[in-house]
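Novice: Letter by letter, the chains look like this.
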Amino acid sequence: MKKKFAEQPKFTEKKEYRPKDVKETGLVFVGHEISEDRKVINQFLHYDQLYTIRHGWNSPFFIGLLEGKIMGTRCPKCGDVWVPPRTHCWNLDCKLERTEWVEMPKRAKVHTWTVAGWSGRSSLKRLPIVLVYAIFEGSKVAIANELKGIDPWDVEFNMPVRAEFIPKEERKGIITDFYFVPDDGWKPSPMNEEKKRIKKLVEPVYEWVKTLK
Amino acid sequence: MPRKVCIVGGATTPFDYGPTGFESIEGGAAECVKETMQDIPEFSLRDIDLMIYSHFSVHFGHQLSAEWIIHDHLGLVGIPHYRVENGGNTGGSALYAAALAIKSGKHDVVGVIGWETMDSVSQSQGSEFIALASDTRYELLVGGIYPIYYAAMANKWMKENNVTEEDVASIAVKNRNNAMDNPKAQWYRNEHRYISVEDVLNSRLISYPIKKYDCCLMTRGVAFILLCSEEYAKKVNPDGYVTIDGMGLSSCTIRAGDRINFPGWVERYGVGYPDMTEFAACRDSAEKAYKMADIENPIKQIDFGEIHDAFSTSEAQIYKALGLTDNVAQFLRDERTHMHGDIPMNPGGGLMGYGHPVGATGIMSAIEAFYQLSGLIPKKHLSSKTEVKDAECGIVNSHAGTGTSISNFILRRS
Numbered sequence: 001m002k003k004k005f006a007e008q009p010k011f012t013e014k015k016e017y018r019p020k021d022v023k024e025t026g027l028v029f030v031g032h033e034i035s036e037d038r039k040v041i042n043q044f045l046h047y048d049q050l051y052t053i054r055h056g057w058n059s060p061f062f063i064g065l066l067e068g069k070i071m072g073t074r075c076p077k078c079g080d081v082w083v084p085p086r087t088h089c090w091n092l093d094c095k096l097e098r099t100e101w102v103e104m105p106k107r108a109k110v111h112t113w114t115v116a117g118w119s120g121r122s123s124l125k126r127l128p129i130v131l132v133y134a135i136f137e138g139s140k141v142a143i144a145n146e147l148k149g150i151d152p153w154d155v156e157f158n159m160p161v162r163a164e165f166i167p168k169e170e171r172k173g174i175i176t177d178f179y180f181v182p183d184d185g186w187k188p189s190p191m192n193e194e195k196k197r198i199k200k201l202v203e204p205v206y207e208w209v210k211t212l213k
Numbered sequence: 001m002p003r004k005v006c007i008v009g010g011a012t013t014p015f016d017y018g019p020t021g022f023e024s025i026e027g028g029a030a031e032c033v034k035e036t037m038q039d040i041p042e043f044s045l046r047d048i049d050l051m052i053y054s055h056f057s058v059h060f061g062h063q064l065s066a067e068w069i070i071h072d073h074l075g076l077v078g079i080p081h082y083r084v085e086n087g088g089n090t091g092g093s094a095l096y097a098a099a100l101a102i103k104s105g106k107h108d109v110v111g112v113i114g115w116e117t118m119d120s121v122s123q124s125q126g127s128e129f130i131a132l133a134s135d136t137r138y139e140l141l142v143g144g145i146y147p148i149y150y151a152a153m154a155n156k157w158m159k160e161n162n163v164t165e166e167d168v169a170s171i172a173v174k175n176r177n178n179a180m181d182n183p184k185a186q187w188y189r190n191e192h193r194y195i196s197v198e199d200v201l202n203s204r205l206i207s208y209p210i211k212k213y214d215c216c217l218m219t220r221g222v223a224f225i226l227l228c229s230e231e232y233a234k235k236v237n238p239d240g241y242v243t244i245d246g247m248g249l250s251s252c253t254i255r256a257g258d259r260i261n262f263p264g265w266v267e268r269y270g271v272g273y274p275d276m277t278e279f280a281a282c283r284d285s286a287e288k289a290y291k292m293a294d295i296e297n298p299i300k301q302i303d304f305g306e307i308h309d310a311f312s313t314s315e316a317q318i319y320k321a322l323g324l325t326d327n328v329a330q331f332l333r334d335e336r337t338h339m340h341g342d343i344p345m346n347p348g349g350g351l352m353g354y355g356h357p358v359g360a361t362g363i364m365s366a367i368e369a370f371y372q373l374s375g376l377i378p379k380k381h382l383s384s385k386t387e388v389k390d391a392e393c394g395i396v397n398s399h400a401g402t403g404t405s406i407s408n409f410i411l412r413r414s
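As given, the protein sequences belong to chains A and B, one line each in that order.
For the first sequence, the numbering used here gives the first residue as 1, with consecutive numbering after it.
For the second sequence, the numbering used here gives the first residue as 1, with consecutive numbering after it.
Careful, some of the hints might be misleading.
Per label pair, the in silico range of CB-to-CB distance [unchecked claim]: (1) 57(A) with 122(B): 35 to 41 angstroms; (2) 207(A) with 191(B): 19 to 25 angstroms; (3) 34(B) with 9(A): 37 to 43 angstroms.
Each computed DSSO-like pair below joins lysine-lysine, with the alpha-carbon atoms no more than 27 angstroms apart [stated by the list, open to error]: (4) 196(A) with 212(B); (5) 159(B) with 109(A); (6) 212(B) with 187(A); (7) 195(A) with 34(B).
Note that these hints are calculated values from the structure, not bench results.
Beta carbons: idealized from backbone N, C-alpha and C, even for Gly.
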């Protein structure tokens with residue numbers, strides 16, 4: 001019998017949500033152009049490839065998202081807790097101790113924030129995005145995610161927020177399965193100079209996004 | 001006596017975006033080497049005993065191991081070669097590797113070639129490629145581009161340091177206007193205009209408090225620099241060589257949110273540092289470089305710098321991390337880093353003016369610093385306006401990730 005280093009996982013729950021326009025084409029030359037003097041040529045190459053992201057030991061975090069849970073890890077030696085999780089402790093004295101999984105409270109606090117008016121190709125239609133780094137109660141680190149349910153100019157440092165999940169059937173086990181919203185009872189502070197400035201910067205973004213196909 | 005590491009020459013292609021006439025990377029590399037040969041005719045490619053290639057993302061070129069194409073194109077078969085990749089600090093890290101090779105005594109003449117071909121995809125796709133150097137599992141989908149992460153860090157830092165949008169805009173103005181004296185700079189070649197603080201404030205929102213003109217440029221470009229032992233430097237460029245008297249390389253977390261309580265930093269600098277605001281790897285690598293170069297008072301002992309202004313905000317953060325000042329707001333308002341200031345920063349234009357073809361960027365910064373120290377600026381720039389008069393000592397800074405890898409080098413006139 002061949003000796004195995006690890007048990008092979010048996011994947012029994014499968015879900016496909018491939019959009020119609022996602023195809024694996026591999027390498028396809030789709031065109032070219034030549035300068036008037038015929039000295040220079042440009043070619044257009046399209047490349048599309050399916051990746052398998054094997055989450056391995058980090059899997060409980062992503063499975064947790066599907067189940068509407070924020071999963072963190074905790075070092076049994078020093079007690080440090082992290083979301084995003086670390087599968088081994090960061091304290092050099094703990095000698096890479098394997099951590100244990102813990103379900104985290106959904107409450108967090110905004111550590112810092114920004115209001116994005118530009119993004120990567122696949123996020124342009126979501127603009128403007130209020131991005132916060134927030135610290136889940138008990139965590140030693142901050143995690144980045146979107147803050148919704150707020151006018152962009154009203155976000156503030158140290159504001160209490162909580163993780164909210166998109167509907168279960170829409171979840172993909174990815175970080176955007178959840179987002180932050182202001183926690184109950186939080187109210188925006190009155191308009192001030194900085195808020196006016198952000199509002200002025202953000203308003204053209206709303207208009208620009210409407211023009212996107 | 002430890003061996004000295006010297007810089008004897010170097011050159012870049014013009015930095016640009018779009019069809020420019022120098023698209024082939026091996027062709028561009030050859031032209032950089034040829035320009036260096038014109039500057040130091042005693043240098044021959046036969047003298048090179050190691051080549052280090054500095055390239056960030058294979059996504060842009062759609063070519064793995066592109067250095068192999070460049071290397072044999074230069075006629076260098078048989079000469080050892082390898083590639084260094086370290087995000088935005090790829091250039092600095094390649095310099096570090098080259099300097100170590102010479103210091104070790106194993107190699108005497110080491111060429112470093114850096115490049116990036118970022119105009120092979122659209123700007124928004126390019127931004128997303130760069131963001132693949134964030135933790136894609138936890139951050140990419142959320143933010144999507146680096147300026148957002150930098151904006152979140154800078155927003156808190158600026159409040160804590162009373163630095164305003166206008167203050168950092170002055171950096172964007174300075175670097176772009178410096179680039180107007182540099183014919184190879186992307187800003188000179190494209191937009192080609194002098195700008196004001198108002199222009200920066202009115203440019204479109206990227207991520208508050210960062211606007212379009214607070215950001216560096218996306219660029220195609222190639223750069224070559226020649227490092228060597230002092231013995232060789234005295235042979236090929238006895239009057240113009242520069243020594244690398246100090247160097248430091250340090251690291252920080254990939255996800256900025258992970259550094260607020262990181263044990264390694266708490267041990268070195270105490271609780272609360274670097275938070276998400278300070279560039280600890282910049283401070284740490286600068287301290288290492290200063291120690292090696294006997295620098296106790298950087299603002300007095302360093303005459304100028306070519307530093308990593310990926311964003312105007314990060315240049316301001318770097319001033320503090322380099323220990324130039326504790327009061328950055330006043331430091332900026334006094335225009336200390338303008339050409340008329342006591343420590344001009346990015347006289348070559350920096351990433352906002354010259355351009356940021358990632359793998360070539362740190363090399364470009366080192367080349368500009370070398371030109372300043374070897375008296376070549378009047379020859380390489382359009383005038384002497386961007387020459388730091390009587391410069392003896394310069395700092396070169398290269399910076400990656402969200403401050404994830406940072407190197408600093410102290411260069412002195414020989």
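Novice: All the hints need checking, so say for each whether the structure fits it.
Specialist: Now for the hints, and whether the structure bears them out:
One distance hint, 35 to 41 angstroms for the beta-carbon pair residue 57(A) and residue 122(B), holds here, with the actual separation near 36 angstroms. Against the hinted window of 19 to 25 angstroms, the Cβ-Cβ separation of residue 207(A) and residue 191(B) comes to about 24 angstroms, which satisfies the hint. Checked against the given bound of 37 to 43 angstroms, the beta carbons of residue 34(B) and residue 9(A), roughly 56 angstroms apart, lie outside it. Distance restraint check for residue 196(A) and residue 212(B): the Cα-Cα separation of roughly 19 angstroms lies within the 27 angstroms cut-off, and the hinted pair is therefore satisfied.
Taking the CA atoms of residue 159(B) and residue 109(A), the gap is near 18 angstroms; set against the 27 angstroms cutoff, the hint holds. With a CA separation close to 31 angstroms, the supplied pair residue 212(B) and residue 187(A) exceeds the 27 angstroms bound. Among the hinted pairs, residue 195(A) with residue 34(B) is inconsistent with the structure: their alpha-carbon atoms are about 54 angstroms apart, more than 27 angstroms.
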